[in-house]
Amino acid sequence: MVKAQLVGSKLIVFDVNDARRIFSQGFFGKPLGVKKPKDTDISSPLELSLIEGMYLLENKVISVEYMGRELSIDEFKGIAISRVDNFEDLYLVYKELRKEGFIVRSGLKYGADFAVYRLRPGLEHAPYLIKVIKFNSNIDPGDLIGWGRLSHSVRKKLIIAVIYPDKEVSYIMFKWFKP
Amino acid sequence: MIVITVKDGKFVVSSGFSEVKELSIGNYVKSLGSVVLDISEVAYIIYKGLGKLMIDSEELSLDDLFTRYSKSPNDWIKFVVLHDLRERGRKARAGFSDNSLIYEYNGKYLVYVCEENSPITPNDLVSWVSSALSKGYQPLIAVVDAHGDVTYYELLNVRAHELKEVIV
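Chains A and B are the protein sequences, given in the same order. So the first sequence is residues 1 to 179, counted in this note's numbering. So the second sequence is residues 1 to 168, counted in this note's numbering.
With the rest of the complex left out, here is chain B (with noise of 0.2 angstroms):
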């Protein structure tokens, strides 16, 4: 069972290191001397009966754990997709800014997370793509729905005269 506390306002694993390595998430502070976990991955943790966060002795739920330390409005659906692509077996983990998650499966892909009725701009995608080519990622996006439904794009940057050959 991995439990969980909070140090300095991060989520710090306390035990179930096994079982933390084995889902593949979480970052090691050597100035913690522990693996940090991201909002995500800890709400994935609890909402999968995996291991508990303990504050002052006190259990917290799912909901005790947004209402307290959510600081993103893109916190709620990167659970949503993180636990999406690990229903789907892939070994999803908190990315490398608020809305991104990343995970290997034939590749390594960086998701942009984002949602209906929450506007982005064409430079953000622009951006992103560029951001993850060179960090050695695909670049995809993932769209919640009103109903927490979630729908993938893979982004390619092409040029106009690469057009001529069938992009499939």
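Just chain A, same shape as in the assembly (with noise of 0.2 angstroms):
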């Protein structure tokens, strides 16, 4: 199993050769300095966030070490939960998509939560955007424009996950319009 060092919000796998055959595994993380990975044959350390982390944490493909031991998967989730806003539900979306076989990406640079690949980065630009929203938050209309012109603006199509109390989820899509 690939050790991975929990490191402020991040987990870090130091090994190289490790790194390489995480991120070949589905593009999991980011390699240390390279902006726009889009081939496998990485050469750094690899850089995962929380939720990537959960979810080969989960699979069994990664284990955390902290502070000189290594955690439990109870104990991993409590940190997440403490360190990432949101990561319940955030995690949930993300596993779900993991599991359809899509690559899941951090959306933040298109104001979104995940950039979601059908096939690969490198081979496609990500077709959707997707942000997380508990059920009963408030959401501004005048937000939807904004979330709805920048993703049109890169060819993407925006999606809003609906996370329901019993963890259902509902996916709307939003397609600009003209009547």
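Simulated from the structure, these hints should not be mistaken for lab results. Because the structure is a prediction, the values reported are computed rather than measured. Note that beta-carbon positions come from the ideal geometry of N, C-alpha and C, so glycine has one too. The reader is advised that the hints may include incorrect statements.
Pair by pair, the computed Cβ-Cβ distance ranges are [what the hints assert, rightly or not]: (1) A:Q5 <-> B:S97: 51 to 57 angstroms; (2) A:G101 <-> B:G107: 28 to 34 angstroms; (3) B:S15 <-> A:K178: 34 to 40 angstroms; (4) A:V34 <-> B:G89: 50 to 56 angstroms.
Okay, derived cross-link-like pairs now, BS3-like style, lysine-lysine, Cα gap no bigger than 27 angstroms in a straight line [claimed, not checked]: (5) B:K135 <-> A:K178; (6) A:K60 <-> A:K77; (7) B:K164 <-> A:K156.
Two chains, two frames, a set of hints: combine them into the complex.
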């Protein structure tokens, strides 16, 4: 099992061979210093988000070390919840999309939570942007225009993943429309 | 010329039925023996000079209409969107709630009207999509910004596995 070190709100795979193996398994994380990783032939440590780390930990791909000892899944989850806003909702959506076979990466640069690829980065531009929102949270419709306009400008479809208390997720896709 | 009066708190057409029919607005209410209009439809008629609202021999302006009869914060934006759709050649009319409109053009659409700075919940949207589809309409959302401009989005209910197909 690949060892990852918890540092702040990141998991670092320092061993380059391990980093390459993890990255090539599904474009998990970001090789240190590589802006747009398009190939899996990397040669630097790998930074994983805590969401990616949780997925890999649950799937027994990595083990997580923190302050000299290995963390259990529950211990890691507790830390992730304390360090990432809305961690559980984000992870719920991340896990579902990964299980469906999508490559899921950060959508931060587009103002979204996730950018979703059907194939892989380098072969296509991510066709979908996902925002994860609780069912009863408030949305300003003005923000909808902003999100929609941004996603339209980068030729992506905006999807809101709505989280219900029973952990069901409803996906609503927005398509700009000319009546 | 369409003439509208108020009866039992409803906007009732008293003359100009053929013009109302031509506009494809209003609903015939048997108990009143006439066509009843929504406030957004009355506003459109007044604004476009297609008719007038008469109360006790006094003709009411658009200002009077909203001052005296507006009951919902959505009344104005519903009128704005109805006007926008009609200017685009779509025969929009009031829908099934105080923030909805319907129209038909290459399909039947149910339009959820909302505005900037008036928050909605994601659950509102999920419910809206289900409700529209159950009535046989395609759900749209019309967002009115601070300047009165309208932006439309079609809403699609999708499942995660369906995203494997490119949805355009």
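A quick look at each hint next to the structure:
1. A:Q5 <-> B:S97: 51 to 57 angstroms: holds (55 angstroms)
2. A:G101 <-> B:G107: 28 to 34 angstroms: holds (32 angstroms)
3. B:S15 <-> A:K178: 34 to 40 angstroms: holds (36 angstroms)
4. A:V34 <-> B:G89: 50 to 56 angstroms: Holds, at about 52 angstroms.
5. B:K135 <-> A:K178: Holds, because 22 angstroms separates the two Cα atoms, which is no more than 27 angstroms.
6. A:K60 <-> A:K77: holds (14 angstroms)
7. B:K164 <-> A:K156: holds (14 angstroms)
In summary, the structure agrees with every hint in the numbered list given earlier.
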